[in-house]
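K.L.:
If you read the sequences in order, they're chains A and B. Reminder that position 130 of the first sequence reads as 130 in our numbering, one-by-one numbering, no gaps. Reminder that position 507 of the second sequence reads as 667 in our numbering, one-by-one numbering, no gaps.
Derived by calculation from the structure, the hints in this document are not laboratory data. Check before you lean on any hint, since a few could be wrong.
[Said to hold, decoys possible] Partial list, computed: chain B residues near chain A (C-beta under 10 Å):
id	residue
1	Leu452
2	Ile555
3	Ile559
4	Tyr563
5	Leu615
6	Asp655
7	Met677
8	Leu680
9	Ile681
10	Pro683
[Claimed, not checked] Taking lysine-lysine and the DSS-like style, the derived pairs with C-alpha atoms no more than 30 Å apart in a straight line are:
id	chain 1	residue 1	chain 2	residue 2
11	B	Lys449	B	Lys413
12	A	Lys6	A	Lys63
13	B	Lys449	B	Lys459
14	B	Lys459	B	Lys413
15	A	Lys6	B	Lys459
16	A	Lys63	B	Lys459
17	B	Lys455	B	Lys413
18	B	Lys455	A	Lys6
19	B	Lys413	A	Lys63
20	B	Lys413	A	Lys6
Where is the CB? At the ideal position from N, CA and C, for every residue including glycine.
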Amino acid sequence: MPFLPKDVGLGIGILAATAVLMHQTTLVRNFPSTRFGAEIWPQIILGVIGILALVMIVGGWRKRNSPETAVTHEMGGKVGGRDVIALAVFASFGFFVWGAPLIGTPLAGFLMVMAILTFIGELTPRMIMIHTVIALSSVGLMWVIFTNVLRVIMPTGALW
Amino acid sequence: MIDGLVVGFAEAFQIWNLLMMAGGVFAGLVVGAIPGFSITMAIVLVLPFTYGMDAGAGLSLMIGVMVGGLSGGLISAMLIGIPGTPASVATTFDGLPMVRSGRQGFALGLGIWSSAIGGLLSGLALLVLSPYLARIGLEIGPWDYFMMIVFALTITASLSGDNMVKGLLAGAFGLLIAAVGEEQVNGVSRLTFGNRSLDGGFDYLPILIGVFAFSQLLLDMPSRYVARRSLSTNSEAGSQHIPHLLAIRTILKNWRTTIRSTLIGLFVGILPATGASISNIIAYDQAKKASLNPKEFGKGAVEGIIAPETSNNATQGGSLMILMALGIPGDAVAAVVLAALLIHDVAPSPTFILEQPAIAYLIFVTFIVAHVVMVVMQSITLRVFVMCIRVPIYILVAIILFYCAMGVFSVNNTMFDVWTMFLFGVVGYIMARANFPLAPLILGVVLGTIAEVNLIRAMSINSDIVVFVTRPWSLLFLVLAVLSVLFPIYQNRRDAIWGPYFLPVAAILVGIPIAIMPGLIRPAIAVLIAALGIYHLYRAMSHSPKHRT
């Protein structure tokens, strides 16, 4: 059994974050005439979150020895292959968001799609060629639809 | 009314108006199926085209887009699990599992026909009930809105089953995210950590797309091997076929769910500023509670598709109802329709239907006919969309993420929204891995601002919090919120000593606020509900073990 049940750890983390945010709400400067301060609504929500986090901690602690907690949930579970794929996808998408204003949406988009396809797909010359065609055609088609049909002005790249 | 109806039909069936409506439905379907593109945006995009048209053609186009957009949302919700708009969130709960089990044709058929029937029934209600139901909308004050949002959040959390605490937490996180940035009434910033770019807060669409797109797509790929397969591994060759007759028969067989969801949709629609984001969740929840097989929900239950899809289309009928009768837009979509009406010198008001019957009945009739056109269009275009799920998952993931990023960028034409999508994609993935349900989070984000504004309004009018329990609608929603939290506990512990008393006591409690509502009909209904509750309570007490001994 781990040092702390997962829900207890999560609950403690949420409580800590709640404390930080609660402190932030004390820094709000209202106008003198305000009857309902801007900090009150977030404080109500944070109060509710704090109570629910405590309930989660108590519930998690009481269930620590039950067989249910030993079973890996369908979605939850230990870090594994799923998380490696997720990390690669997030990294590719993160590069796209960072790179689109610099190198333009089409190139950043092509590189993102290509990176995901190459990381997860088969690394044979035939599949790499197919992936290149898919990336070029899907990004190109979207670009045409969004810029020419829907008239959305996309970043074209500050470097060029 | 008959005269108005004849004029409305004559206007709606003019060739040019019909063509505009059909074009609008098609455009709405395409836009609704794109995650990130809302119906409001689609209507705003077509609004300039209507400047040069007469009022009839312009309104036919707008209503076509509205109906098509709402029904198009079910395509992405069912096929890839990403709701195009918050109105389709509950459709993913059972639509996606049914598609994954290989019954995509049946799932989509159910969705299309439920949308059509919900829309048609609400269109008929629009014709008959407009004057009466619009009056109910006027009874709802800020206390009642606030409590209704609390109710909507608690029922969404209660749908999380064993994870209700996590569901409530997710709903509260959503409210907190919506609170970031400037407060709506006084414009004072909070929770921004001094970052000026957060002053405007977060738009809900990038959050919705980020949370659902990343979590859904990434959880579909537990390994490279699975990622290289298609989404529908069990599908048979002929399953792209949409069995229309079977879908209609199934909906008719579940007529209680259909009628109940339509009524929920209509009711939520007539409440200004709420809309289909709430009604689809409430309808789903009520369908689950009333079902004989509640455990099937979440695994591809038929009622789990009928309820949200019927109610979200019915909501548009309700919001048009209040727009036509009072000139108050029920939601953002109706607000844009109102703008279109004003462009054509048509100003809805309590006397609008009497003064401008041709335009009013044209809107009613077009709304009904557009649902029929939508079914035909969906049947044609869906075959193309269904082919998507035959593509290997990783290819779909790469293309969809780019496609979502483009859609999200176009919301406000800023990369900040794409960063928001990315950030909440990470948050959504972590939450999904920690078994937090995501629907309450989204609902909290969508409704957070409305909740705060109404709380401020309520407290500014009267700072006494007792008003929340003395106003009938507020008390009703409060009672329903408490009951929705307790209901899952009751479902799991029906055999407990208090089990037989739960439903009768719940009925009596629901009856109390309805009894203090104005008029005669609602108090009479309350007396009936309470009498039924007392009767069942008496029966439960007389059958209790203590009584038997």
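K.L.:
Please write out, lowest number first, the hints stated earlier that are contradicted by the structure.
P.N.:
1, 6, 7, 8, 9, 10, 19 and 20
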